[in-house]
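Trainee: In this text, residue positions in the sequence shown follow our numbering: the first is 1, and each later residue adds one.
FYI, nobody ran anything at the bench for these hints, they're computed from the structure. Be careful, since some hints might not be right.
Said to hold, decoys possible - So the derived label-pair ranges between C-beta atoms look like this:
1. Ala272 - Gly237: 40 to 46 angstroms
2. Gly215 - Arg2: 20 to 26 angstroms
3. Ala119 - Pro269: 20 to 26 angstroms
4. Gly215 - Gly261: 44 to 50 angstroms
5. Met129 - Pro276: 40 to 46 angstroms
All figures in this text were calculated on a predicted structure; none of them were measured in a lab. Ideal Cβ placement from N, Cα and C applies to all residues, glycine included.
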Amino acid sequence: MRCDDGARSGDRPTVLLIPGTGGTPDEVWSWNYERALPAAGYGWCTVTLPGRAMGDFSTSAEYAAYAALEAHRVSGRPIAIVGHSQGGAMAAWIAKFWPEVSAVTAAVIPIAAPLSGTALADSLCAGGMCSPIAWQMGTHSHVERAFANAPVPAGIAFTSIQSLQDELVFPQPGAGSMRGGRTVMVQDVCPGHLADHGTLLFDAVAYGLVLDALGHEGSVDPDRVDRSVCSQAVLPGSDPASAVELSATLTTLTPGLLDPGNWVPAEHPLPAYAVPYDD
1 MRCDDGARSG DRPTVLLIPG TGGTPDEVWS WNYERALPAA GYGWCTVTLP
51 GRAMGDFSTS AEYAAYAALE AHRVSGRPIA IVGHSQGGAM AAWIAKFWPE
101 VSAVTAAVIP IAAPLSGTAL ADSLCAGGMC SPIAWQMGTH SHVERAFANA
151 PVPAGIAFTS IQSLQDELVF PQPGAGSMRG GRTVMVQDVC PGHLADHGTL
201 LFDAVAYGLV LDALGHEGSV DPDRVDRSVC SQAVLPGSDP ASAVELSATL
251 TTLTPGLLDP GNWVPAEHPL PAYAVPYDD
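Using the sequences and the accompanying hints, generate a full structural model.
Mentor: Next up, the structure:
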């Protein structure tokens, strides 16, 4: 993991950033949130997940949980966790299943995350063979069932930020929702707003919702977001030209999901701590 000087100073609230499937922190966060958060008064930490998070979800979650505890240790104060796609589901997972993480976390903010699974994963696994992470992100997977049934820890605000036009996490809003959390569509702030799965990473409306969730106790309130974000092309300080970094993520993601050499015939077993909730 890596933290900026703002996080290490102890003077700034700190956000742990978790990348999604196929991505690294540099590819996903370096050109957007790593630039914008310091200007807004926040420090940040990132975590690199094993195998670009293409393998077992629960193994990657162990890395994310360690990173959350380390971000708290480095900053000396409660943290927030922001994750994109699978990283958002992971943020909510570790806050639910690791009491040590929930004890040091004030807010969990998944962006474009399959909190109830995605029909895309269902279709990828319809033939009985698919990648490990596709099995686990399906709408009827053991991972999704255990996550849905596990209790929501007190004291953490869960805010899920989604788009009705997400082509990878659908159908919305159900796919992006979780029991005990608030789900907000960017279209709730700006009707007709165009944003897909990838562009939510640098979307000004999504970022406005993230800042609202970070800056207030409890759940996000779309009415507090300044409507000027509706006319902004990208979030403040981001470098859209560097979005080319995401090409490496896509280069990994596509073969990782579609190459039969990576497919397995069944979902990986749940970790022991989650098994009691798989019913």
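Trainee: With reference to the structure, classify each hint as holding or not holding.
Mentor: Status of each hint after checking the structure:
| no. | hint | in the structure |
| --- | --- | --- |
| 1 | Ala272 - Gly237: 40 to 46 angstroms | 43 angstroms, holds |
| 2 | Gly215 - Arg2: 20 to 26 angstroms | 24 angstroms, holds |
| 3 | Ala119 - Pro269: 20 to 26 angstroms | 24 angstroms, holds |
| 4 | Gly215 - Gly261: 44 to 50 angstroms | 46 angstroms, holds |
| 5 | Met129 - Pro276: 40 to 46 angstroms | 29 angstroms, violated |
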